[in-house]
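Protein chains: 4
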Amino acid sequence: MKKFSQWVSSIADSGREFLASKTSNKPLDTTQALADLCHELCSSKGEALGTAIAHEVVKHYRQLDDEQRLSFFTMLATDYGPNAERIISCADNYRQHTDEAHYRALSEAIEPRRVRLFKRINMAPNGTQTLIQMRLDLFRFIKKQPHFKAIDTDLKHLMIAWFNRGFLILEQISWSTQAHILEKLIAYEAVHAMDGWDDLRRRLANDRRCFAFFHPALEDEPLIFVEVALTEGIATSVQALLKEADTDQPTSDKADTAIFYSISNCQEGLRGISFGNFLIKQVVLELQHELPQLKNFATLSPIPGFMNWLQAERKSDSEWLTIEDKLTLTQLDIPQWQEQGGQSESLKTLLMRLGAHYLSHEKSGSQPLDPVARFHLGNGASIGQLNWLGDTSEKGLKQSAGLLVNYLYRLDKVEENHEAFVNKGEVFMAGEVKKMLA
Amino acid sequence: MKKFSQWVSSIADSGREFLASKTSNKPLDTTQALADLCHELCSSKGEALGTAIAHEVVKHYRQLDDEQRLSFFTMLATDYGPNAERIISCADNYRQHTDEAHYRALSEAIEPRRVRLFKRINMAPNGTQTLIQMRLDLFRFIKKQPHFKAIDTDLKHLMIAWFNRGFLILEQISWSTQAHILEKLIAYEAVHAMDGWDDLRRRLANDRRCFAFFHPALEDEPLIFVEVALTEGIATSVQALLKEADTDQPTSDKADTAIFYSISNCQEGLRGISFGNFLIKQVVLELQHELPQLKNFATLSPIPGFMNWLQAERKSDSEWLTIEDKLTLTQLDIPQWQEQGGQSESLKTLLMRLGAHYLSHEKSGSQPLDPVARFHLGNGASIGQLNWLGDTSEKGLKQSAGLLVNYLYRLDKVEENHEAFVNKGEVFMAGEVKKMLA
Amino acid sequence: MKKFSQWVSSIADSGREFLASKTSNKPLDTTQALADLCHELCSSKGEALGTAIAHEVVKHYRQLDDEQRLSFFTMLATDYGPNAERIISCADNYRQHTDEAHYRALSEAIEPRRVRLFKRINMAPNGTQTLIQMRLDLFRFIKKQPHFKAIDTDLKHLMIAWFNRGFLILEQISWSTQAHILEKLIAYEAVHAMDGWDDLRRRLANDRRCFAFFHPALEDEPLIFVEVALTEGIATSVQALLKEADTDQPTSDKADTAIFYSISNCQEGLRGISFGNFLIKQVVLELQHELPQLKNFATLSPIPGFMNWLQAERKSDSEWLTIEDKLTLTQLDIPQWQEQGGQSESLKTLLMRLGAHYLSHEKSGSQPLDPVARFHLGNGASIGQLNWLGDTSEKGLKQSAGLLVNYLYRLDKVEENHEAFVNKGEVFMAGEVKKMLA
Amino acid sequence: MKKFSQWVSSIADSGREFLASKTSNKPLDTTQALADLCHELCSSKGEALGTAIAHEVVKHYRQLDDEQRLSFFTMLATDYGPNAERIISCADNYRQHTDEAHYRALSEAIEPRRVRLFKRINMAPNGTQTLIQMRLDLFRFIKKQPHFKAIDTDLKHLMIAWFNRGFLILEQISWSTQAHILEKLIAYEAVHAMDGWDDLRRRLANDRRCFAFFHPALEDEPLIFVEVALTEGIATSVQALLKEADTDQPTSDKADTAIFYSISNCQEGLRGISFGNFLIKQVVLELQHELPQLKNFATLSPIPGFMNWLQAERKSDSEWLTIEDKLTLTQLDIPQWQEQGGQSESLKTLLMRLGAHYLSHEKSGSQPLDPVARFHLGNGASIGQLNWLGDTSEKGLKQSAGLLVNYLYRLDKVEENHEAFVNKGEVFMAGEVKKMLA
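Residue numbers (the numbering used here), protein chains in the order written: chain A, 389 to 826; chain B, 389 to 826; chain C, 389 to 826; chain D, 389 to 826.
Since the hints were derived computationally from the structure, they do not count as laboratory data.
Possibly wrong hints are sitting among the right ones.
Stated by the list, open to error - No farther apart than 30 Å at their CA atoms in a straight line, the calculated lysine-lysine pairs in the DSSO-like style are these:
(1) D:631 <-> A:572
(2) A:447 <-> B:642
(3) B:531 <-> B:683
(4) C:572 <-> C:783
(5) B:822 <-> A:544
(6) C:714 <-> C:642
(7) C:572 <-> B:631
(8) B:642 <-> C:447
(9) C:537 <-> D:544
(10) D:683 <-> A:631
(11) A:537 <-> B:783
(12) B:447 <-> C:642
(13) D:642 <-> A:447
(14) C:537 <-> B:572
(15) B:783 <-> A:544
(16) A:544 <-> A:714
(17) D:537 <-> C:544
(18) B:572 <-> C:631
(19) D:544 <-> C:544
(20) A:801 <-> B:447
(21) D:572 <-> A:572
(22) D:801 <-> A:642
(23) C:801 <-> D:544
(24) C:447 <-> D:801
(25) B:714 <-> B:631
Work the whole structure out from these sequences, hints included.
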């Protein structure tokens, strides 16, 4: 059976021939041509040619330059936005008769034309991919054109419906996976950059695991993937972890811990549509099934906002830092401090305390200030331990002062943790971490 | 890789254990328990346990009896419907400030709680199937509870988004298909009932083709399928067609025609969400690719509303029937008329003329009265020919007076036909059919 | 990737065009044409056209009638047999110089030309299948042409090499298997005939298992398959077993026993090449892995030679039957004896004792007289129990007097049993069976 | 369904436990232990434990060091060779009675015990692979132990039967192939070494093709693969070809030629068992089917024996070289001659003539002296053209003086060419190549 996209492409191609006569006297590949097609796509009474026109829209859009795309979005913002007049008129009717018919009229009036446009584009081959690309473009434009935010809101709503969890497919990635998928992992790895195929091979060694979510409309394109190491005891250093992989060793029988050391979103255009929470829990279950001897499920995570916060504290009249502390922290200003200062017990004690404090008490509203903490604690994980000089890469030092956290995933505690976190802002921490704070 | 549903099921099961403590003192399997779960599912701030609760909802619903389901829907209609007060208040605000923020507030207010509930249920294993089952139940209740129609409207909207064409998968069905899928074809065949495995085998013979649409969330469940016969010239009798299949003969090189003799929707709970139009065109393209020698693509279709209309005309002061015609038509009242009356040239001429008239001129609003004609003509097909005594089965005689139509699908005419049909109500007919009318 | 056979077929077809010119003036489809092709196939110095000629041989052979096939085999027996003169001459040389060169010369001389012919035929598409068919034909002819036995010996030797265990593929057969494979199970079931698709469906119910061996050169053609029932305790009646299957019930958690109630060879042309021993043990391992709760692995087997032996004993001056016994056994001569005589305790006791005796003591040479006993005891199984009126079908009564045996497969006893059986002719029996003998 | 090897491994493992008791008091991993196992494997009357013992043999062999393997082969040569006495005695009997029974007795006597041993080893998991490894080891030992040649002859005979064409599976290799198979291509490429993954990626670009043969007993291990470039016109330089690949370009519509620029055997232990002839022809057919526009199928091949021959001629009293020629050829002695001498018209004319002569007239017996010429001409190819400085790599200059040949594969000429070549030693050459010779 041929792939779906090929079929639709054929259909659309033959549809295009019929279209050709109608549009042959129009200049192609311009904003106006695209605007005409969009109009046709939305207004077409039937569906006989919907796919063909949608396919044309997709192809046109892909050929536009940035300026043309800007005018395309301007059109979406103005001509395809909500019709306030009609909404208000329907709302007035509804106020007088709050019955089903008037409710539906209002409901329909409120849907902006661009939503219908997006739905129809989604029928074309590569339609979903094009919409994801559009959203990526939008992100760039929004900075200067904040009113484009409304377009993004509409797009995101649709994507949330289309990328429903129930439609996601979990697949294990291994060295037996097809090369054209593996090369995407190299490209998409966002946490600990992959240095080509040899590095990838190590991360798919026998004592490693990798899982990804896929969606049927995005063939061979992972949405998100997580890299796992099977270790004896909880790993505390990412450099050690990456170095140790041995592609020839079989999975160790002694491994009692699964370390989630990297989780990467692949589709920037799906930003804000969360898959990670679900992925981690599903992978925990998968691993429990494959390797019943596993006792611990933990991340090995950076604290990416820590240094930003700390530097601000150092410069300010911080309530968390004594003058002595500030003095100790000057060690951080020495290049390669970790090689010498790493030896300093006082710096270690201080940074560990500050790290524990930052993770558990520094909030933005009711949420942890640190984005990674926000994600894992929001998922119902707890803080297991902090690791001194766990990540001595340049990035690790610059963002997290070399600290790494193990967030623990215990499925039987996830609910309890989650509720306490959401309702009371409570963060569960292992005893040792608590002690640092005291 | 295990199937998705198994994974979610495991996740949900472990989630359920956490739930268990909370719900253990409540009576299970009752409407109230289900109401509590629905409430929890909608209000849950996070998503940590969404899938688990959704899974519970699915399991509870499946155990309810009819009376309990009725109260469930009553709850959906009353407690989970649109909040008129909030809508009106948001609309008032919007009237004063038609800005994005107030638009979104209104937009959000307008979405009934049950829509959120349905979306969350859809995350559960078998969630989609349960919602389809709910809709089936709804169909039964709506007759007595017309206000349930609003629930159905919401469900249908969601299903249209989820069953987007872009997510459908076309698969060829053959004698090499898995038995548990084939047995569904026997069950779902709606046009010409299948008499067990031997009949199925014939319909999957070498000079037959069968295609179906599937959706990733409904594993191994066809949504719709079409049965095709490859013939020399356009087939005119369905009984001949079904009898002639030869499983041992290779596909004839002489076949120049693909006859779509049966198209069956499989999921009654997806009623109103159209797949047929798209399926036929995609299959035409597939067949053109596999067998370039094919020249004609035609259906062999019943006229299911013909006899109903004709009997009404006979009883009324019809402008289409002379007294002589009415006399001729009395032959239809003779049992087994087709065996004798089939011989009557006058009856044949009259019925063929009336059939052509009924198909092309009898409308319900701007649409053909006959549902099958409505479907194919709306897809851009034309009327190729009428076949006398094409279906001599009991059903064929009772509904269509034994007449069959060949609707022609010419992809290069589909647009033209479709537009003329939609805009001007024009029906394209072959010359000979036109002559009958004259 | 297209299937191998299609490719070879194309190659062969284009080869055939080249052949066509050479053979165009010869009469086709006759023994002579086939003889010429065989000659060409064997003598061809290179391999450039080997496959093409082999394909021709295959096609010719398939068109021959019985008489023509008879002359084909006569040719194989006379012209393609061992060359005694050359063998003796080479043997003489070898006697004088027992070195490698003379050994190889003798070794080559001893291979009959037909062995080379068969090897080359095996390269053609469907070559293996054709050779299996040839062997089937041979079986018929051998009765009147005992010298054809030598051809069969050569063919069988080759097949043993080609159907090496290392090349067999075990596959589980279920209701999700492709229909065109399932229909072969219906056709090939040799022990308890299957009554169409509904019966098959029951035998693939959730508490049943089915496994088959396949070989890469015989696509979609099972070589042998075994049917298993999962039961609580050891099943004693095959009629009960076949009736009880419930396709909707999930596999019972209480099942502690796997009953191998039917094992069927599918390719009569592979007769004498044993797969069953290996299949049973592999399936035991598979089931142990899937369902660790299984405690017993046992067959439910007929004693097909029992009645033959018994009737002979009744007519003879048997040392195993007293006159009283013979009197008791006259009950067997009453039609439907099992319905009445089944009640007779004396008949039961006698038949059970005689059954146990027949299985364990009646030999043909050093082997059990009963073919089924020979197979299972030779595999290292032991006799677990005898079941009175276990098979009340016509065949069961006629062959086995309604008795069934459970042979037990305990992998940790298989070696011990096997060695005792092979070396000392010992048969392991459960205590109760032994008691019957006493 | 689990892979076959896993199953057999389990079976063998459980078998090993039974074995364990018997062998527990013997020293493991020694030649003697292996000798005992081999004895047991051959003499075992039944097959109950054949696989388990075979598995032990495989595991033992793999642990032996070189010296131990040498004594293992010595055992095979002496204890497991043909039994001359028995052969002669059987031959004597046969001489007196040339009947079937005596023929079979001789036939059986002539099979050395090691052949039975190899057949039984082949039943074990990884049995085939172990035998291939054994043969590799043999190659090393044979140099000093020429009497081991007899062992190799036996092994090779068996492998020819097992690797029958009818059991080979053709698969296309692409960038969508699994990574663990692709990495083997990098390792096995024997003609133009691959420089890692980026080079591989280029060789799997859209205008390239790659095909390999696999065998069911060697999972994921290619036996042989061929790399093809689709070009406009016949390619003349391999460096240009390797550089030009563009992974993003779709397959050119203008490509009219398939160039087989590299063909590599992967399993050194299968040396002498030819797959290449069959592979090339099958790939020609595959490409004709996929891309009907292809007109030419040609190799781009080195002349690896050319320089060896030429240097010998230069030093001898050659009848093919005038003194003037020898003077011209001194240019070859200048380092980097191709950069300057490449310009010399006289050198070019001379080398092209000598190349054409070498290919077509220099023989070893009746076969071309050049091994690549021997292979392709023996397959029925013809010489299309010679390319000056077609391969300017160090290896290309050293072996072939930079010359490359295009051998042409025209399926409709293959037979004619092959027969003329085999029977009369004729080599078909294009007119231009012939002219060079004149």
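Check the structure against each numbered hint from earlier and tell me which ones fail, lowest number first. 2, 3, 5, 6, 10, 11, 14, 15, 16, 22, 23 and 25
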